[in-house]
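With the hints as your guide, set chain H onto chain Z.
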Amino acid sequence: MPTAHKLQVTTPSDREIGLVRTFDAPLTLVWRCLTEPALIRKWLLGPPGWTMSVCDVDLRVGGTYRYEWRNENGSTMAMGGEYREITPHERIVQTETFDDPWYEGDALAIAVLVENSGKTTLTTTVRYDSKATRDGVLQSPMEDGVATSYDRMDDVLAELA
Amino acid sequence: MPSDPLTLTFSALADPTRRAILQRLARGAMSVKELARPFMISLPAISKHLKVLERAGLIERSRKAQWRPCSLHAQPLKDVAAWVETYREHWEGNFQRLDAVLDELKSMERSQARAEQ
Numbered sequence: 001m002p003t004a005h006k007l008q009v010t011t012p013s014d015r016e017i018g019l020v021r022t023f024d025a026p027l028t029l030v031w032r033c034l035t036e037p038a039l040i041r042k043w044l045l046g047p048p049g050w051t052m053s054v055c056d057v058d059l060r061v062g063g064t065y066r067y068e069w070r071n072e073n074g075s076t077m078a079m080g081g082e083y084r085e086i087t088p089h090e091r092i093v094q095t096e097t098f099d100d101p102w103y104e105g106d107a108l109a110i111a112v113l114v115e116n117s118g119k120t121t122l123t124t125t126v127r128y129d130s131k132a133t134r135d136g137v138l139q140s141p142m143e144d145g146v147a148t149s150y151d152r153m154d155d156v157l158a159e160l161a
Numbered sequence: 162m163p164s165d166p167l168t169l170t171f172s173a174l175a176d177p178t179r180r181a182i183l184q185r186l187a188r189g190a191m192s193v194k195e196l197a198r199p200f201m202i203s204l205p206a207i208s209k210h211l212k213v214l215e216r217a218g219l220i221e222r223s224r225k226a227q228w229r230p231c232s233l234h235a236q237p238l239k240d241v242a243a244w245v246e247t248y249r250e251h252w253e254g255n256f257q258r259l260d261a262v263l264d265e266l267k268s269m270e271r272s273q274a275r276a277e278q
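In order, the protein sequence lines correspond to chains Z and H. Quick note: the first sequence uses my numbering, first residue 1, plus one each step. Quick note: the second sequence uses my numbering, first residue 162, plus one each step.
These are computed hints drawn from the structure, not numbers from a lab. Incorrect hints may have been included.
[What the hints assert, rightly or not] Pairs of lysine-lysine residues, derived as PhoX-like cross-links and limited to a Cα-Cα distance of at most 25 angstroms, are as follows: (1) Z/119 <-> Z/42; (2) H/225 <-> H/212; (3) Z/6 <-> H/239; (4) Z/6 <-> Z/119; (5) H/194 <-> H/209; (6) H/212 <-> H/194; (7) H/194 <-> H/225; (8) Z/6 <-> H/267; (9) H/225 <-> H/209; (10) Z/42 <-> H/267; (11) Z/119 <-> H/267; (12) Z/6 <-> Z/42.
[As the list claims (entries may be wrong)] A few chain Z residues that face chain H, going by a derived Cβ cut-off under 10 angstroms, partial list only: (13) 23; (14) 120; (15) 122.
Ideal placement from N, C-alpha and C gives every residue a C-beta, glycine not left out.
Isolated chain Z (complex conformation) (with noise of 0.2 angstroms):
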């Protein structure tokens, strides 16, 4: 059982919304957790009801990316991008465009990753064209899926065993 590591959320400037969080594991999987799609459809979702219907990766610079999200009430979500730096497990840039935009303009992630002692930390800044955008999503409530748990560790064991 790993240690629950906790979230930071962070706002390095006024344009700026920042993420860190430790994993109890090396980089390689951890950059395997991000990059290849069969594996970043079993995590990065939304509130529960939410799977991800198409996750397209085209890891390279000036590569695109698209993922699209599906609930069962079929509403959907989609979002898409292009990378503009790929460094293998420390770093990937890449601009971050939603299809129905909840804010103006486009963003740049930047996910950056170092390891110690066998474990990862992943540093994700998500940078806005303006301050206005960065307060309108720490604003948005992010509907369905408030103040839900998503303990799926027991799911996964199960799988395993």
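Chain H in isolation, oriented as in the chain Z frame:
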């Protein structure tokens, strides 16, 4: 000029001097002069900050020209905290699932290593 409450609150808090003013006022009401004392900036500059905080509903001026925090208006700060919390919960959920996926992968690696022995 933005006028929605959350934008005003964020703008009000997005300045270290204003945050320090709020902290000082948390100890009790004070006049502009008293408030300004620890800061190396002019009284008019402090007044400007006070206006921003007032417009965001975070402080108010009493009849005796004493500035104090609005206990009734602590709501803007609570609202900000609530929204940041929602965002954090969303990502907490994702990362807990990622924990589970990583555990699966580690188990698989260990099984493979044993199988190869």
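Next pair to validate is residue 225 of chain H with residue 212 of chain H; report whether the Cα-Cα distance is within 25 angstroms.
This hinted pair holds, its Cα atoms lying about 17 angstroms apart.
With a cut-off of 25 angstroms on the C-alpha distance, tell me whether residue 212 of chain H and residue 194 of chain H pass.
Measuring from Cα to Cα gives roughly 15 angstroms; hence the hint holds.
Have a go at the residue 120 of chain Z hint: is there a Cβ in chain H nearer than 10 angstroms to its own Cβ?
9 angstroms, holds
Does residue 6 of chain Z pair with residue 267 of chain H here, judged by a C-alpha cut-off of 25 angstroms?
The given pair, whose Cα atoms are some 21 angstroms apart, holds under the 25 angstroms limit.
Is residue 225 of chain H within 25 angstroms of residue 209 of chain H, Cα to Cα?
The given pair, whose Cα atoms are some 19 angstroms apart, holds under the 25 angstroms limit.
Hinted pair residue 6 of chain Z and residue 239 of chain H, Cα distance within 25 angstroms
Holds, at about 21 angstroms.
Has the given pair, residue 194 of chain H with residue 209 of chain H, been kept, meaning a C-alpha gap of at most 25 angstroms?
The hint holds at about 13 angstroms.
For the pair we were handed, residue 6 of chain Z and residue 42 of chain Z, check the Cα-Cα distance against 25 angstroms.
20 angstroms, holds
Could you check if residue 122 of chain Z really has its C-beta closer than 10 angstroms to a C-beta on chain H?
8 angstroms, holds
Supplied contact hint for residue 23 of chain Z, tested at 10 angstroms Cβ to chain H:
Holds, because the Cβ-Cβ distance from residue 23 of chain Z to chain H comes to roughly 6 angstroms (cut-off 10 angstroms).
Are residue 119 of chain Z and residue 42 of chain Z close enough, with their CA atoms no more than 25 angstroms apart?
Holds, at about 20 angstroms.
Can you confirm whether the C-alpha distance between residue 6 of chain Z and residue 119 of chain Z stays at or below 25 angstroms?
13 angstroms, holds
Against the hints set out earlier in the document, no violation occurs for any number.
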